[in-house]
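Participant: Residue numbers (the numbering used here): 32 to 498.
Treat the hints as calculated values from the structure; they're not laboratory data.
Hints should not be assumed to be uniformly reliable.
As the list claims (entries may be wrong) - As a list, the in silico DMTMM-like pairs of lysine to aspartate or glutamate whose alpha-carbon atoms are at most 25 Å apart:
(1) Lys41 with Glu307
(2) Lys168 with Glu132
(3) Lys359 with Glu235
(4) Lys483 with Asp56
(5) Lys41 with Asp392
(6) Lys359 with Glu398
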Amino acid sequence: MTTLLVKGGKVIGPSGAVDADVLVDGERIVSLTVPGAITTADKIVDATGKYVIPGGVDAHTHMELPFGGTFASDTFETGTRAAAWGGTTTIIDFAVQRTGERVQDGLAAWHAKAAGNCHVDYAFHQIIGGVDDDSLKAMDALVAEEGISSFKLFMAYPGVFYSDDGQILRAMQKARENGAMIMMHAENGIAIDVLVAQALARGETDPIHHGITRPAALEAEATSRAIYLAEVARDTPLYIVHLSASGALARVAEARDAGRNVFAETCPQYLYLTLEDQLGAPGFEGAKWVCSTPLRSKHESHGRDLWRGLRTNDLSVVSTDHCPFCFKDQKELGVGDFSKIPNGIGGVEHRVDLLYQGVVDGQLSLERWVETIATTPARMFGLYPRKGVIAPGSDADIVVYDPNGRTRISVETHHMNMDHSAFEGYEIAGKVDTVISRGSVLLADGVYGGRKGHGQYLRRGLSQYLA
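Please take these sequences and the hints and turn them into a complete structure.
Facilitator: In structure tokens, the structure reads:
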């Protein structure tokens with residue numbers, strides 16, 4: 032096998048930082064040694080003055096997702112290539128079952144989209160859009176046979192993905208039996224639909240009304256309801272996706288303080304962007320930032336509270352909810368009616384950088400940075416220690432990160448299949464230098480050497496993050 036030595040860097044893990052050289056043989060890490068102990072290898076990567084971190088694990092992406100009469104603009108090929116450019120070497124995407132469809136057929140469709148096309152390794156969660164006897168049986172089969180151990184339900188989008196409380200309870204009870212994690216889109220979609228209809232009747236059609244009609248109180252209410260339902264289902268593990276608001280975070284914190292298996296993620300857009308500055312941009316421009324849950328007001332404490340939640344581990348993971356749509360012809364479907372704007376923001380390429388900026392700004396430690404972008408998502412979703420850590424026996428997914436570099440985010444330089452950037456003009460005080468996936472160098476010296484088909488499907492175990 033080919034050997035590779037990453038030398039001279041500071042290896043960052045959730046438990047601390049250490050000066051060490053990392054030796055790779057084939058696709059696996061074989062040793063961490065004191066600097067200079069090993070001097071020869073088939074390939075040497077000089078990481079002097081740089082951080083050596085595990086490849087990022089983005090636990091929430093939507094490549095090629097059908098939504099609102101169109102499809103997310105990144106394919107598995109373009110989206111995983113962009114992920115690699117940004118230091119993410121594993122994604123967990125969502126296979127989709129809609130009401131009336133077989134779960135297995137939805138999963139097969141996602142396997143067909145991804146197989147042979149991914150630049151980095153990938154796994155799947157399963158969306159259950161129609162909870163019935165057949166889909167409940169399918170949950171058992173996916174855990175036992177497919178390596179899919181997490182199932183997403185929706186309290187929003189009536190008529191598309193929505194599950195009522197009885198359906199949610201049944202799915203939670205099934206997950207309690209088979210050890211799976213329930214992921215929840217926690218917004219009160221029934222009430223939101225009333226607010227949307229009322230706003231449109233008043234002629235309030237601009238993109239900002241997408242956020243106004245999805246108030247933080249309805250995220251907090253749905254989060255609380257999901258937590259209580261999980262309690263009734265004998266403390267089914269519950270993971271709240273794309274948490275955006277202080278009230279919802281408070282409900283999660285209360286459950287965690289009580290020792291419950293309740294977890295949550297947030298996304299970079301909720302840490303950096305706001306209702307007024309982005310969603311409320313002049314004219315139709317704000318459509319670029321339409322996503323659900325929506326961006327929150329800068330006049331409230333949501334952003335500050337989310338950063339604090341990351342420090343206290345009430346927020347365990349940062350994912351992207353990468354679901355990109357082009358402004359031209361896709362977001363424009365909602366001109367004159369904000370409810371028809373496809374929901375989603377693209378960010379799979381920028382998560383590692385944007386969270387590192389949080390380190391520079393004093394919001395997070397280096398160790399917490401690595402935890403939230405790599406180690407905890409790997410543990411949360413049954414991929415650890417194969418992913419998420421630099422240790423002997425782990426996959427050689429390694430990112431060399433240069434704290435003295437700079438990254439300017441722009442549509443002119445990003446690699447996602449989008450005609451705009453949600454973070455246009457952001458300057459990051461750091462830079463992804465080298466990206467290695469299972470021992471293969473995908474990116475070095477600004478030159479991309481990855482290829483589609485390198486990425487492998489990952490069968491996951493049960494969560495390794497439960498109390």
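Participant: Each hint needs a verdict: does it hold in this structure or not?
Facilitator: Results for each hint:
Restraint check: the Cα-Cα separation between Lys41 and Glu307 comes to about 40 Å, which exceeds 25 Å; the hinted pair is violated. For the given pair, Lys168 sits about 14 Å from Glu132 by alpha-carbon distance, which is consistent with the 25 Å threshold. Between the alpha carbons of Lys359 and Glu235 the distance comes to roughly 22 Å, so the proposed pair stays at or under 25 Å and holds. This hinted pair checks out: Lys483 and Asp56 have alpha carbons roughly 22 Å apart, not beyond 25 Å.
For the given pair, Lys41 sits about 20 Å from Asp392 by alpha-carbon distance, which is consistent with the 25 Å threshold. For the proposed pair Lys359 and Glu398, the alpha carbon gap of about 40 Å is over 25 Å, so the pair is violated.
Hints 1, 6 from the list above are not met by this structure, while the remaining hints are.
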